[in-house]
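Going down the list, the protein sequences come from chains C and A.
Per the numbering used here, the very first residue in the first sequence carries number 254; after that it's consecutive.
Per the numbering used here, the very first residue in the second sequence carries number 661; after that it's consecutive.
Honestly, I wouldn't trust all of these hints.
What the hints assert, rightly or not - Below, a list of computed lysine-lysine pairs in the DSBU-like style, where the Cα atoms sit at most 35 Å apart:
1. Lys-581/C with Lys-511/C
2. Lys-471/C with Lys-799/A
3. Lys-581/C with Lys-917/A
4. Lys-686/C with Lys-693/A
5. Lys-686/C with Lys-816/A
If you're looking for bench data, these hints aren't it; they were derived computationally from the structure.
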Amino acid sequence: MSDQTNDSEYKESAVVKFLRATEVDTRMLGMIAALVLIWVGFHLYGEFVLGRGSFLTPRNLWNLSVQTSSIAVMATGMVLIIVTRHIDLSVGSLLGVTAMLMGVLQVWVLPQYLGLGHPMIWIITVLAGIAFGATIGAFHGFLIAYLGIPAFIVTLGGLLFWRGSAWWVARGETIQPVDTTFALIGGGPYGTVGALGSWIFGIVVCAAIVMALVSGRKSRIRFGFPLRPMWAEYLIGGVGMAVTLGAVLLMNSYPWPKGIVRKYAAANNITVPDEGLFISHGFAIPVLVALTVGLAMTFLATRTRFGRYVFAIGGNPEAAELAGINTKKMTLMIFALMGALTGISATIASARLNAATNALGSLDELFVIAAAVIGGTSFAGGIGTIYGAILGALVMQSLQSGMVLVGFDAAIQQMVVGGVLVTAVYVDTLYRKSSV
Amino acid sequence: MAKKAKTPSADPHAGKTPLVEMRDISIAFGGIKAVDHASCDLHAGEVVALLGHNGAGKSTLIKILSGAYTRDSGQIYVEGSEATITNPRQAKDYGIETIYQTLALADNVDAAANLYLGRELLTPWRTLDDSAMEAETRKVMGRLNPNFTRFKDPVKQLSGGQRQSVAIARAIHFNARILIMDEPTAALGPAETKQVGELTHQLKEEGIGIFLISHDIEDVFDLADRVVVMKNGAIVGSAQTGDVTKDEVLGMIILGKCPPGAIPGPGALAA
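Kindly produce the complete structure, drawing on both the sequences and the hints.
Written out as structure tokens, the structure is:
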């Protein structure tokens, strides 16, 4: 049992030294590079081929952030599913039926008892949606864990079953408009936190970054573990804060459209000066929801027993079982969690559309799975990160909306998305071969 | 041809309550009786080797003790009182720890996470106390394998010996009273095998009872006080290692023939 690490035997290059000091995930750097490439590529394509680059504009990036939210929320759950060597093909359909039920509840049912526009309507609706999603997810998990039906089959059945149910809930009717408070969760000019709110959010995040770094360093000192060099701590903190504040500036530089400003001014007795009023959007509410979910899921995955068990099961299901982990119950809970997150996504998606339709969420399962996989979740199990999946969702959505922006037709969009998914998994395979 | 019949020597543990006693254990998998009314016991500070061919039922019997399988019938007694063991968690509560042949490590997480798998240390806020777990792991590994330095790496990246020491550390860190070692040296080189032998002696001194499953008859005679041989799911017999020769033990394994120095069980070839 003798083995000395051979770190000292070879001279590390500057890059390796830098990565080791900062403890930055090389994968994440690769993903950020891919993202930058996509963004700049679409912008330049627009600039030179169409004569007008519109990708790297506050307006497009703001829209991109909103479009990504729904997929990102579900992708965080899909990470845990794939990490435990399962799959969930039903999330798009489950989103559809959940959105329909929430639509019926808030438009047809609750106003009868509470009156139209009652402030409790959106709260009851959202909670009911999340509870419904969690229940269906738990049911899927039960079939998989306790009856031993493979997840692929259960959720493939779910894909058809819940899409059919979504139609059946209201015989295919589109239910609109949704409750006005509920609609804010989908974004839109009113569904934002404005310039001041965004600054407050940004500053809170910066403070959290500093606190996390300080407390991390303190606990390493307490146990006498190796420390990052000070310059690396400053660099990480600096980059983190710069990105946060940059995002705030970006979101705040996208103003409300003139029509909305006029309406708003009229309603609040403000006179609009000739040069127009600059009212910032700031962060959209769905983006904040997605970030909150991402943070909570990261906490769950890395700081709790539940998360530790998820990864242990993914790494070696038999070992997890022998260590006394109730793997069946874990599977049920993981699928229930996926369902609950789908409920949140259904809220965002139907609120954004201001309507519930039975087609809502079609093909979302593919985007969600792609997001998780592009974000580094391995189908072999045991490996994956929440932030990776969120970045993956951003990559997928950037591709999708970039193609719309430069005018690729729907057929080509599908071909590109399919090709990217397969390529991403291939790159992942290569990466794993070289790193282990 | 007739030799002077050797009789089993007196049981050194006579009159003492065994640390663990499995009585009349049976389990069947789809019509195949993997373990058929098997009984065996283990005393404090004793090393009992379980021997038998592949498929003789020794691993299955031991997995019933460690909670990985639930028996169809029979009882398990720990220090004289009947124990309920239907899952690994319960076995661990009785101080029964197992080092599996496959090591049963989650390859994608680090040594500390494996050491504490299922028994994580938590902070007052119910979150994982990774720093405390790593600090403890550094202490344990420092005793067991001072050369071990790769605390941050997933165990997949460790050598066979290092992985073995993580599995051993996990089994002995939580005050095991009964230790099950399933082919502990199968994947190890000579130096590491010797180390496992030393560890076995040390644990024995501390009064831990050890079930050893091994194919290596040399190993068994070096380490074990007693052998229990299984064939076709049944116990052929048990013997103090001093009362039988290696050839006789091989005869028990291969033919099910019980030598005079052994106490025959239900699986012994009729004389």
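Verification of the hints:
As the CA atoms of Lys-581/C and Lys-511/C are separated by approximately 55 Å, the hinted pair breaks the 35 Å bound. Annotation: proposed proximity of Lys-471/C to Lys-799/A holds, straight-line Cα distance about 20 Å (limit 35 Å). For the proposed pair Lys-581/C and Lys-917/A, the alpha carbon gap of about 44 Å is over 35 Å, so the pair is violated. Restraint check: the Cα-Cα separation between Lys-686/C and Lys-693/A comes to about 43 Å, which exceeds 35 Å; the hinted pair is violated.
The suggested pairing of Lys-686/C with Lys-816/A holds, with an alpha-carbon distance near 13 Å, which does not exceed 35 Å.
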